Structures are given as C-alpha cells and as structure tokens.
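Student: Protein chains in written order, with our numbering: chain A, -10 to 201; chain B, -10 to 201.
By construction, these hints were calculated from the structure, which means they are not laboratory data.
Here the structure is a predicted model, which means the values were calculated and not measured.
There could be a bad hint or two in this list.
[Unchecked claim] Okay, derived cross-link-like pairs now, DSS-like style, lysine-lysine, Cα gap no bigger than 25 Å in a straight line:
#1 Lys77(B) with Lys140(A)
#2 Lys113(B) with Lys66(B)
#3 Lys100(A) with Lys29(B)
#4 Lys109(B) with Lys45(A)
#5 Lys45(B) with Lys(-8)(B)
#6 Lys100(A) with Lys113(B)
#7 Lys109(B) with Lys113(A)
[To be verified] Facing chain B, according to a computed beta carbon distance under 8 Å, are these residues of chain A, among others:
#8 Phe103
#9 Met106
#10 Tyr108
#11 Lys140
#12 Ala148
#13 Leu188
Note that CB positions come from ideal geometry on N, CA and C, so glycine has one too.
Protein chains: 2
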Amino acid sequence: MPKKTFFRLPVEKQQRLIQAAHAEFSRVPFNEASVSNIIKAAEIPRGSFYQYFEDKADIFFYDLGLLRDSSKQDLEKTLLAVQGNLFKAVRQFFTEMAEEIINGENAQFYKHLFLHMDYKNRRKMSPELMHAKQDDGLQFLVENVNYDLLKIGADQPEALRILFHELMTTVFQSIAAYYLQQESNHAITIEQVQERFELVLGWLEHGASNEV
Amino acid sequence: MPKKTFFRLPVEKQQRLIQAAHAEFSRVPFNEASVSNIIKAAEIPRGSFYQYFEDKADIFFYDLGLLRDSSKQDLEKTLLAVQGNLFKAVRQFFTEMAEEIINGENAQFYKHLFLHMDYKNRRKMSPELMHAKQDDGLQFLVENVNYDLLKIGADQPEALRILFHELMTTVFQSIAAYYLQQESNHAITIEQVQERFELVLGWLEHGASNEV
DNA sequence: GAAAACAAATGACATAACGTCACAAAATGT
DNA sequence: ACATTTTGTGACGTTATGTCATTTGTTTTC
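Taking the hints into account, I'd like the entire structure generated from these sequences.
Tutor: In structure tokens, the structure reads:
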C-alpha cells in the first residue's frame, strides 16, 4: 500500500502519478516497467516517489486495485442474482469481464497483467469477491453458494475454495490464451474466446470423461 | 538456445557454467537472479558469458531443458502404457513428478520455477511430451489418445490440445499451491498435494456439478 | 613453417536503473 | 514569531546490463 504521505497529496498530483504509472504498465510488462519513466512522465522528483510508495510493485498493485474498484465486475452480486448457482455466476462474470478486458480502454494494461502474472501474485488480482479481507476472502462464497448444485457439501469449505480458485484460473487462462494467440499472429475473436472458455468450463462442470 | 560457441567449449567449462547458473536460479527466482553472480561463481569473464548465451533467459531455459531431459517424467510412454487413457496417464505422471519436484535435489529450483512462471512462458516448461517440435508438439497426443474415453472426438484435435493444456495447468497449480502453503507457514504434506490434485482432476474428469 | 583467416577470450566502458540520504522548503502548531 | 513536523529534492553510491575494441589462440592454406 502507498504510504500515508501519498494520500495527503493534492488529488491532482495523486492522479498525475497514477496515470503516469498506468501508462508505463500499459506500455510494457511489470518487469520491464521502470520507476524512472513513471517519475519522468509525472514530473515529480525521484525522492518524492519513494516518499509515496515502497517500490514499483506498490504502485502497481495500487493501480490495479483502482481498476478493480472502478469496474462493474462483481461476482458477489452475480452469485446472489443466480441463486447461488456457481457455474452460472462464473459464466456471466466471464462474459462481462472478457468484453471489458479485451476491448476496454485498459486492454494493454490487462494484456501485460494476464500474460505476466505468476502463480505467486495471482491472488492479488482476483476479483471483487475476495476483496475485503485477504485471510478469509471467500467467506461470502462459502455462505451463499447453492451446495445442492455441486458435488461439494456445505461441510467442505476448503474444497469450495479450491474449486473457485480453479474457476478463476480458467477465467485468467482463457484471457491469456487470447493474448497469446494475438501475439503469434493467430488472432482470434472474442467469440472464440468465449467458446474456449465455455468448453473448459463445461468440462469442470460435467467432466471431460465419457461415462457411458 | 545457447550459441554455437558454447557447445564447442570443453565439457568441464560447460558444466561449470550450468552449475553456477543452476545454483543462482535455485537461490532466487528468475527475475532476481543476476548474470553477474553466475559468472562470478563460474569464474569466467563477463564478455565470455555473452559469447555463449543471449541473455539470462537463454541459459535459464537451457538449464531447464537439461533438467527435463534427465528426469524420468515421460508422458508419452505413460500414455502408451495405459492404452491412451489420458486421465490415467496424467494421474500417474503427477505422482511421479510431484515426488521428484518436492523432495528431489532440485526442489529449490523447481520452487522458483513454479511460483514465478507466468502464462506467457508456461509453454516452455511443459513436459517431454511436447518436446520435439514446438509447432506441432502435441501430435503424439492427438494420435495416441483413446478418444472413446473422452467427450472429444478424433476430429477435434484443438479441443484435445486445450484439455491437455488444462490438465498441465492443474498439475502446475497443484505444485504451486504446495509451495505457497509452505511460504505462509501452513505447510502441507505431499499426500495432501496428491489429494488436492485428485480432487481437481476428478472435477475435470467427471464434473463438479451435481447432476441428479 | 610462415602467413592469413577465423574463432574465442577478455575486461573496460557506456548506459540505465535502483533506493537512500542530507539538506532545503513548506506547513503546522503553540 | 518560533519550534516542530512533514514534505520535497536531486545528487550519490551501488549494482546490473550488454557491447566492443583488442588480444590471444587455433586452424587452414600455400
């Protein structure tokens, strides 16, 4: 998290910094992004940057957090709207999300995010659902999912967490696959992304094995 | 790939370099590893390093390739041994692999590999199966899988590729989950890793949805 | 076996990024 | 008005990267 000093800054200056950072993280993946470029664009001295943020990662995840907050992706509401049908909720969530991520104004930022985020940092980019508390972020899910539709009992919260994690992985993977194809000149349409996601989600839902 | 010059080097010198690199990549994740440390340990001048390798990534993936070659993990043979039963093959593969990765001598290297490999570079760490050719790496799979056991027809090679990719993701994810737990002081046993993997694989095989 | 052609080795160099620190400036409190 | 705290600043030490001119070694050719 940014340091206290940052939040005491004039809003205009805060925005200038965040915009500069956002531009840099849209230009290149996190590892290639440089603090030097950010401060140059924001026109603030080097020392100030480190007065506001711990380091590059600090401002990156703060920026990412802002993006999430401003987006309409809210799995919680969706889950309630579909009476706790987890698969249905994830389907709907993906449809809304894919459109924004692929064609929205932050597409470049998301591209670098999805292609270069590793397992270790994956947790930090999960959707609103697990937003509030890190420790027990899936409490809402555990309480509001309809267990009748799953091979998971209400007494198996850990299994539910794992399933959710797997579903999110599938979401991320599908998006990443899109960007990968794009880079290798085999661009696919957003409909094909949807199809691919549907295919994998179908397997997770009903199995890929042929039980005759 | 290393440059031609590297392969003309005395074997002893090659090994010295690779060992130094391996130690460095075991010490810290790829992004934190430095060429400077590698050349210091290998006792070769800086200029030489760049005569042999393009950059850090070059020697990293070469090292990784050597590891794969020396390991017994061979999905192809396994697939034949189980008459093309893909799920059975992956199960067996995972059992063999998990043990080596978690308790083998290269555990530290693997830890950094699994926790920090992103979507973009994931492909480069796939098992022997897709070893030979990058372009059409899954040809063997397409030809030797028993389609009767899957909800995928022999006329849907693309779907099979996606399923395989998903299975490998599950493998990687399970390993990564182990290391993550370890870091957060909730260490789990290798048996629990197996259980977790079995759970997810079961979903992919038979679905997580309750079709009553 | 000398000369020419090619290959490999070397470390100084230019460049760029990082995070810190001592000091200056501004703001706030009393 | 002065003291105290907070913020601003950019030069600095450090560390890393990849290149290049030059030297050293090896092979080929006549």
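Student: Evaluate each hint against the coordinates.
Tutor: Hints, one by one, checked against the model:
The straight-line distance between the Cα atoms of Lys77(B) and Lys140(A) is roughly 21 Å, inside the 25 Å bound, and the hint therefore holds. Distance hint between Lys113(B) and Lys66(B) is fulfilled; the C-alpha atoms sit about 20 Å from each other, no more than 25 Å. Straight-line distance between C-alpha atoms of Lys100(A) and Lys29(B) comes to about 37 Å, which puts the hinted pair past the 25 Å bound. As the CA atoms of Lys109(B) and Lys45(A) are separated by approximately 21 Å, the hinted pair is consistent with the 25 Å bound.
Distance check on the hinted pair: Lys45(B) and Lys(-8)(B) sit about 13 Å apart at the alpha-carbon level, within 25 Å; holds. Restraint check for Lys100(A) and Lys113(B): satisfied, since their Cα atoms lie roughly 19 Å apart, inside the 25 Å limit. Pair hint Lys109(B) plus Lys113(A) holds up; C-alpha atoms about 18 Å apart against a cutoff of 25 Å. With 8 Å as the threshold, the beta carbon of Phe103(A) comes within range of chain B, its nearest partner Cβ sitting at about 7 Å, so the hint holds.
Checking Met106(A) against chain B by beta carbon gives a least distance of about 6 Å; that is within 8 Å, so the hint holds. A cut of 8 Å between beta carbons decides the hint on Tyr108(A): the least distance to chain B is about 4 Å, and the hint holds. Annotation: interface hint on Lys140(A) holds; nearest CB of chain B at approximately 5 Å, less than 8 Å. Here the hint on Ala148(A) is kept, as its CB sits about 6 Å from the closest CB of chain B, short of 8 Å.
Against a cut-off of 8 Å between C-beta atoms, the interface hint on Leu188(A) holds, since the closest Cβ of chain B lies about 6 Å away.
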